[in-house]
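*Asks:* So you can see what is in the structure, the chains are spelled out below.
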Amino acid sequence: MAAWRAPRTGLNGLFAVYKAPGVASIWVRDTVETLLLKELNSLEQPAVQQQVRFLPTTVEGNAGKELTLTVTQLPVLAAHPLVRGPEFTHLKIGAGHRLDTKSSGVFVLGVGHGNKLLTDMYNAHLTRAYTVRGLFGKATDDFSDTGRLIEKTTFDHVTRDKLEQILAVIQGTNHKALLMYSNIDLKTQEAYELAVKGLIRPMEKTPPLITGIRCLQFAPPEFQLEIQCLHETQQYLRKIVHEIGLELKSTAVCTQVRRTRDGFFTLDNALLQMHWNLQNIRNSIKDSKIKVKVELQRSLGHQARCGKRHTDMDQVAESELHSTEGMSASDLTHKMREPHAD
Amino acid sequence: MAFWARQISIWCSSVKTSNVANSIQRLRKTHRTWMQLDELSVLSLLCTDNHFLQRGLKTYRPVSLGSRLQSTNSSNGQIVSSESNLLSPVNHYQQQAEVIPSSDTKTLYEVWEDTPPSSALEEISEEEAVQIVAEPPLPLGSFTLRDYVDRSETLSKLVLLGVDLSKVEKRPNAGQFLLRLDFEKDIRKRLLFLKDVGVEDNQLGPFLTQNPYILAVDIEALDTRVAYLKSKKFGKEAVARMVSRAPFLLSFSVERLDNRLGFFQKELGLSVQKTRDLVVRLPRLLTGSLEPIKENLQVFQAELGFRLNEIQHIVSKVPKILTANKRKLTKTFDYLHNVMGIPHHILTNFPEVFNSKLLRIKERHMFLTFLGRAQYDPAQPSYISLDKLVCMPDERFCTEVAKASVKDFEKFLKTL
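Just so you know, the sequences run in chain order A and B.
The first sequence begins at 1 in full-length UniProt numbering and counts up by one.
The second sequence begins at 1 in full-length UniProt numbering and counts up by one.
Since the hints were derived computationally from the structure, they do not count as laboratory data.
Check the hints yourself; a few may be wrong.
Said to hold, decoys possible - Below, simulated DSSO-like cross-link-like pairs (lysine-lysine); rule was C-alpha separation at most 30 Å, straight line:
| # | chain 1 | residue 1 | chain 2 | residue 2 |
| --- | --- | --- | --- | --- |
| 1 | A | 239 | B | 362 |
| 2 | B | 326 | A | 38 |
| 3 | B | 362 | A | 152 |
| 4 | A | 38 | B | 157 |
| 5 | A | 102 | B | 362 |
| 6 | A | 102 | B | 411 |
| 7 | A | 152 | B | 331 |
| 8 | B | 414 | A | 102 |
| 9 | A | 38 | B | 320 |
| 10 | B | 411 | A | 38 |
| 11 | A | 116 | B | 414 |
| 12 | B | 326 | B | 362 |
| 13 | A | 289 | B | 407 |
| 14 | A | 239 | B | 414 |
| 15 | B | 357 | B | 331 |
| 16 | B | 407 | A | 102 |
| 17 | B | 411 | A | 293 |
| 18 | A | 138 | B | 362 |
| 19 | A | 102 | B | 331 |
| 20 | B | 167 | A | 92 |
| 21 | A | 239 | B | 411 |
| 22 | A | 38 | B | 388 |
| 23 | B | 357 | A | 38 |
| 24 | A | 102 | B | 326 |
| 25 | B | 357 | A | 102 |
| 26 | A | 286 | B | 411 |
With the hints as extra help, turn the sequences into a complete structure.
*Replies:* Here it is, written out as structure tokens:
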């Protein structure tokens with residue numbers, strides 16, 4: 001029994017996969033489960049259970065042929081793999097923050113006991129980072145380039161400066177909303193200390209909030225933005241692109257939404273589809289174990305102490321999240337650190 | 001034991017005026033799960049467990065059944081073939097039931113016993129002691145064959161042959177059907193027949209896992225069908241290949257097989273030899289449903305715009321496309337033709353692209369576009385043929401076709 005549990009013990013924890021565009025995230029979760037089950041079932045099985053049986057046999061005895069019992073050890077066929085079926089038929093794999101079909105990027109999955117950590121990750125309210133590509137000149141009904149066309153406009157008047165101005169305005173309004181939803185009084189010492197250590201952010205369910213937004217590339221009609229946000233959906237990000245287009249007195253559609261970071265799982269940690277197998281996933285779980293534990297302890301530990309307030313961040317978190325207290329909007333766009341290069 | 005007592009009381013209460021066989025039927029109907037025991041076995045087990053009738057004794061008295069348990073020292077080990085050995089006492093009891101029409105249960109009990117009730121402290125001879133088998137009774141009904149496999153000779157031999165019982169028991173009525181079979185009488189002949197046709201020894205197990213119902217088909221019918229196939233000029237190896245790859249083939253009647261062969265010849269407009277090659281290559285075309293194939297042909301002609309001779313070429317090269325999902329087929333063709341810009345005649349030459357996953361085609365095409373190597377026109381230099389695009393594994397694709405490293409490919413994939 002212990003030998004069979006050994007492969008299972010490696011499969012308790014969180015890992016990240018890279019979801020390709022055009023497939024549903026449920027399909028990703030199901031495929032990972034099927035691949036893992038296939039590998040687990042093909043691992044070496046222990047020998048079939050034996051049973052001691054007493055069989056009657058005829059033996060040459062004193063008075064001619066006699067009936068006695070002989071001892072033999074025979075396999076118990078009820079425990080044979082062809083009779084009882086495969087050893088593993090189901091794995092508990094849970095999905096973290098889902099991505100819709102058109103978007104791609106880092107997708108966190110939890111397996112076994114790691115599913116509890118998924119709930120903890122949700123309650124820690126960490127931010128996520130996306131790169132969003134947009135196209136000026138079109139407007140569609142679902143804000144993406146595959147929707148029904150509604151309007152076409154010119155975009156010659158759009159420059160990088162105007163775009164960055166709009167982005168700064170967006171960031172400013174979102175920052176105010178962030179502070180409001182965080183429920184802290186900015187004039188207290190406690191607020192200052194928390195702000196020094198890291199981002200002040202709400203620890204309960206709120207409408208989508210953008211904590212940081214900046215322009216990475218600008219080559220009209222195309223442009224690329226980087227957005228750090230909380231409690232968002234991918235459709236919300238596409239709507240933001242549409243609204244940016246409207247603010248610039250033109251129109252825009254979103255061509256690509258790609259998640260580069262989910263909490264503390266980044267593109268480097270995410271496994272591509274060609275690498276979805278038992279060994280890689282086990283290694284990935286092992287690598288992220290310590291990080292996950294430290295992060296969640298800090299986030300939720302502080303939450304418990306302060307009764308649902310913000311949390312301490314350590315070095316790791318600080319490199320991914322940034323402090324915004326007391327800075328002007330234009331400073332923020334330069335101050336925002338690059339999480340990972342494309 | 002209480003369970004047994006309850007069963008006996010249900011059974012006995014139903015024996016009012018009818019004879020033994022009918023009451024067994026009624027008892028069987030009260031269970032919705034399978035009954036492993038047919039009439040003979042129920043009677044025999046009831047008789048051997050004399051203690052139920054006598055309130056309290058636990059010893060197995062095989063005396064009434066004469067000598068059995070011949071040592072069957074086969075490779076399976078001990079096999080209690082409870083069905084075959086207990087025929088004689090059953091006839092005896094059935095005669096007795098006809099003689100006595102009374103409904104008094106107590107009288108019935110007393111009549112069946114050959115010997116007076118015995119006590120556990122009675123001394124018995126060594127021979128009898130050795131013959132006592134104290135195994136727990138088999139359940140009357142079960143949802144899995146695991147409970148019966150150790151005691152049933154048929155099932156044990158099937159497992160050793162390689163039949164996957166866990167899959168077979170999921171099929172409708174297959175488990176019950178297998179339990180009632182006798183290996184020597186029914187199964188052996190059909191296995192030898194399959195071996196004559198040409199199915200390999202190691203294929204017999206998977207064959208029976210997929211189609212256990214072939215054990216119910218008459219040998220003459222099987223002979224007729226194989227003769228029909230040979231009359232259509234399929235060679236011996238071709239027939240062997242077809243039968244092993246499509247286990248349900250020999251379960252189809254001759255008219256059905258004839259209709260299907262005719263369908264393929266007519267719809268695809270192929271010559272007799274080509275139809276034969278097609279069917280030998282993918283025999284499950286004959287056993288699968290024909291509706292999806294008709295729809296796929298419609299899709300090819302109307303939506304995708306292929307001409308009949310192009311369809312014939314595609315089908316003879318990659319027959320699996322006939323059974324492909326038509327939605328996926330349309331999406332793949334849409335990407336290949338409209339986004340990658342590949343014309344019909346090149347697609348006809350490389351039909352294996354329709355077989356591969358759309359995601360793979362997309363990723364590789366985008367990588368080649370990024371590198372500036374996406375050239376699918378044979379007339380131009382550095383042309384990349386479609387089979388190289390899809391059929392190669394990733395490492396070979398990266399080094400030979402894209403001329404980049406696998407790491408670059410992975411980095412690119414993470415930017416999609």
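*Asks:* If a hint holds in the structure, say so; if it does not, say that too.
*Replies:* Hints, verified against the model:
1. Taken as a hint, the residue 239 of chain A and residue 362 of chain B pair is honoured in the structure, with Cα atoms around 27 Å apart against an allowance of 30 Å.
2. At most 30 Å may separate the alpha-carbon atoms for a hinted pair to count; residue 326 of chain B and residue 38 of chain A meet this at roughly 28 Å.
3. Taking the CA atoms of residue 362 of chain B and residue 152 of chain A, the gap is near 28 Å; set against the 30 Å cutoff, the hint holds.
4. The suggested pairing of residue 38 of chain A with residue 157 of chain B holds, with an alpha-carbon distance near 27 Å, which does not exceed 30 Å.
5. A hinted pair counts as satisfied when its Cα atoms are at most 30 Å apart, and residue 102 of chain A with residue 362 of chain B qualifies at roughly 14 Å.
6. Simply put, residue 102 of chain A and residue 411 of chain B have alpha-carbon atoms about 20 Å apart, close enough for the 30 Å limit, and the pair holds.
7. A C-alpha spacing of about 27 Å is found between residue 152 of chain A and residue 331 of chain B, which places the hinted pair at or below 30 Å, so the restraint holds.
8. Between residue 414 of chain B and residue 102 of chain A, the direct Cα distance comes to roughly 15 Å. Compliance with the 30 Å bound is thereby established for this hinted pair.
9. As the CA atoms of residue 38 of chain A and residue 320 of chain B are separated by approximately 24 Å, the hinted pair is consistent with the 30 Å bound.
10. Taken as a hint, the residue 411 of chain B and residue 38 of chain A pair is honoured in the structure, with Cα atoms around 28 Å apart against an allowance of 30 Å.
11. Using a Cα cut-off of 30 Å, the hinted pair residue 116 of chain A and residue 414 of chain B holds, with the two alpha carbons roughly 28 Å apart.
12. A threshold of 30 Å between alpha carbons decides the hint, and for residue 326 of chain B with residue 362 of chain B the separation of about 19 Å falls inside it, so the pair holds.
13. For the proposed pair residue 289 of chain A and residue 407 of chain B, the alpha carbon gap of about 25 Å is at most 30 Å, so the pair holds.
14. The suggested pairing of residue 239 of chain A with residue 414 of chain B holds, with an alpha-carbon distance near 24 Å, which does not exceed 30 Å.
15. For the given pair, residue 357 of chain B sits about 10 Å from residue 331 of chain B by alpha-carbon distance, which is consistent with the 30 Å threshold.
16. Annotation: proposed proximity of residue 407 of chain B to residue 102 of chain A holds, straight-line Cα distance about 25 Å (limit 30 Å).
17. Of the supplied pair hints, the one linking residue 411 of chain B and residue 293 of chain A holds, its CA atoms being roughly 28 Å apart against a limit of 30 Å.
18. Taking the CA atoms of residue 138 of chain A and residue 362 of chain B, the gap is about 25 Å. The hint holds against a cut of 30 Å.
19. For a cut-off of 30 Å, the pair hint linking residue 102 of chain A to residue 331 of chain B stands: about 15 Å separates their Cα positions.
20. Our distance criterion of 30 Å between C-alpha atoms is met by residue 167 of chain B and residue 92 of chain A, whose separation comes to about 23 Å.
21. The hinted pair formed by residue 239 of chain A and residue 411 of chain B meets the criterion: a straight-line CA distance of about 28 Å does not exceed 30 Å.
22. Proposed proximity of residue 38 of chain A and residue 388 of chain B is supported: the alpha carbons are some 29 Å apart, at most 30 Å.
23. Of the supplied pair hints, the one linking residue 357 of chain B and residue 38 of chain A holds, its CA atoms being roughly 20 Å apart against a limit of 30 Å.
24. Using a Cα cut-off of 30 Å, the hinted pair residue 102 of chain A and residue 326 of chain B holds, with the two alpha carbons roughly 22 Å apart.
25. For the hint linking residue 357 of chain B to residue 102 of chain A, the alpha-carbon distance of about 17 Å falls within 30 Å, and the restraint holds.
26. Under the criterion of a C-alpha separation no larger than 30 Å, the hint pairing residue 286 of chain A with residue 411 of chain B is consistent with the structure, at around 23 Å.
Violation of the numbered hints given earlier is absent; every hint is satisfied by the structure.
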